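Q: Sequence:
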Amino acid sequence: MRSQIPCLVAFLCLTLVEPIPAVQIEFLFAFGSEGEGAGQFKRPVDLAIDPAGRIFVSDQRGDRVQMFDLEGNYLHQIGTPGTGNAQFDRPQGLAVGPDGNLYVVDTSNGRVQILSQSGAFLGQIGSRGIGDGMFENPAGIAISKSGLVYVSDLDTRISPVQVFDATGDYLFKFGGHGANEGHFEGPGLLALDDAGKVYVPDWGYNRVQVFDGNGNFLYQFGEAGTGEGQFSGPEAVALGPSGNLWVADSQNDRVQVFDPTGTFQFSFGSSGVNQAEFHGPVGMAFDANSRLFVADYHNNRVQVFQIVSKSRPGDYNDDGIVNIADYTVWRNNLGAASGTLPNDTDGGVIGMDQYTTWKDNFGAASPSPVTSTAVPEPSSLVLVAFALTGAALVRRRALR
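Each residue of the sequence shown is one higher than the last, beginning at 1 in the numbering used here.
Fair warning: there could be bad hints in the mix.
Said to hold, decoys possible - The calculated label-pair distances, taken between Cβ atoms and stated as ranges, are:
# : residue 1 : residue 2 : range
1 : 130       : 216       : 19 to 25 Å
2 : 360       : 228       : 32 to 38 Å
3 : 226       : 157       : 29 to 35 Å
4 : 360       : 77        : 51 to 57 Å
None of these hints come from the bench; they were simulated from the model.
None of these values were measured; they are calculated from a predicted model.
Built from N, CA and C at the ideal position, the CB exists for glycine as well.
Please put together the full structure from these sequences, using the hints given.
A: Below is the structure:
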């Protein structure tokens with residue numbers, strides 16, 4: 001069941017740089033508490049959401065995986081402590097495969113177990129050891145659309161990412177221990193995008209490294225620190241709306257968001273036990289409604305946030321408020337081509353349609369009343385300029 005954290009007005013208003021639209025991060029609710037009972041956690045690590053909307057949470061020190069619905073209501077438990085089939089010892093990474101089966105990184109048993117969603121054992125990948133296809137301290141897992149399975153290993157002697165086919169046969173590995181590009185000091189909960197790129201958080205070197213699907217290094221971002229785009233123990237990467245990269249900056253108790261090239265966009269969260277505060281955020285997952293689920297490790301809970309676009313028709317300078325500044329932007333772009341203005345819902349050459357939209361939405365999201373402010377009408381000079389611009393555009397089209 002949901003915890004009774006008061007949900008009054010918990011908005012973290014965050015403005016992103018262009019071209020990604022501004023968003024709000026709205027705290028919705030949290031579920032879980034410390035304990036061994038149904039729906040309680042002893043250090044939740046990772047999450048996975050299946051197409052039916054069921055949430056799986058790895059309960060690391062509880063040696064189990066728990067299933068919830070999208071409202072945080074407990075459904076049932078998968079696994080018990082042990083070394084046998086469908087038993088776990090410190091499980092971490094989770095993934096739902098294209099076949100709908102659940103893949104669980106059974107860390108201290110040195111393997112990945114494949115289970116049905118009811119918890120029936122179906123098979124395993126790997127065994128304990130340091131050879132190809134073997135694990136010492138496996139952590140993260142991601143599965144491609146074609147069924148390739150990528151597994152990271154935290155063991156400091158090897159620190160690779162190993163790749164297996166859909167039947168669990170070893171294919172290849174990449175990485176290794178070290179500070180150079182393409183090497184790791186503790187690869188964590190990794191992610192794959194639709195193009196097959198692999199995003200690996202490198203816990204020890206405070207960076208995220210990006211590879212193609214064959215393990216070739218592409219680029220990296222991040223460095224040690226507490227500033228924007230800096231990390232202290234990044235544990236997980238998740239792919240969010242618009243292809244943004246959401247990174248659990250665990251020891252800084254926050255989540256940072258980057259565009260697909262690794263350019264910092266914004267962050268949210270701080271240290272604490274209240275809503276929208278973290279103590280070691282780790283695994284993350286998005287549902288179909290752009291809700292973000294975050295495993296809050298030391299607080300023994302999962303926090304849930306809504307990602308809400310702040311884009312508003314008529315907000316032509318994309319600052320979240322439709323005001324006189326947007327009129328100036330519209331005026332300065334009269335006659336420009338479609339797509340010039342942010343949040344232009346009309347399309348076509350910039351003209352009176354965009355003005356009408358701005359006028360109809362004037363004051364939206366304004367932090368103070370605007371009812372006493374008159375909405376300016378275009379001056380006759382502006383209208384003449386617009387008419388001349390339109391005539392020129394027509395003439396240029398006729399000459400083509």
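Q: All hints, please: hold or fail.
A: To see whether the hints hold, each was checked on the structure:
1. Checked against the hint of 19 to 25 Å, the pair residue 130 and residue 216 passes, with Cβ atoms roughly 23 Å apart.
2. For the pair residue 360 and residue 228, the beta carbons lie near 36 Å from each other, so the given range of 32 to 38 Å is met.
3. Our hint of 29 to 35 Å for residue 226 and residue 157 holds, since their Cβ atoms are close to 30 Å apart.
4. Range check, residue 360 to residue 77: Cβ separation about 53 Å, and the 51 to 57 Å hint holds.
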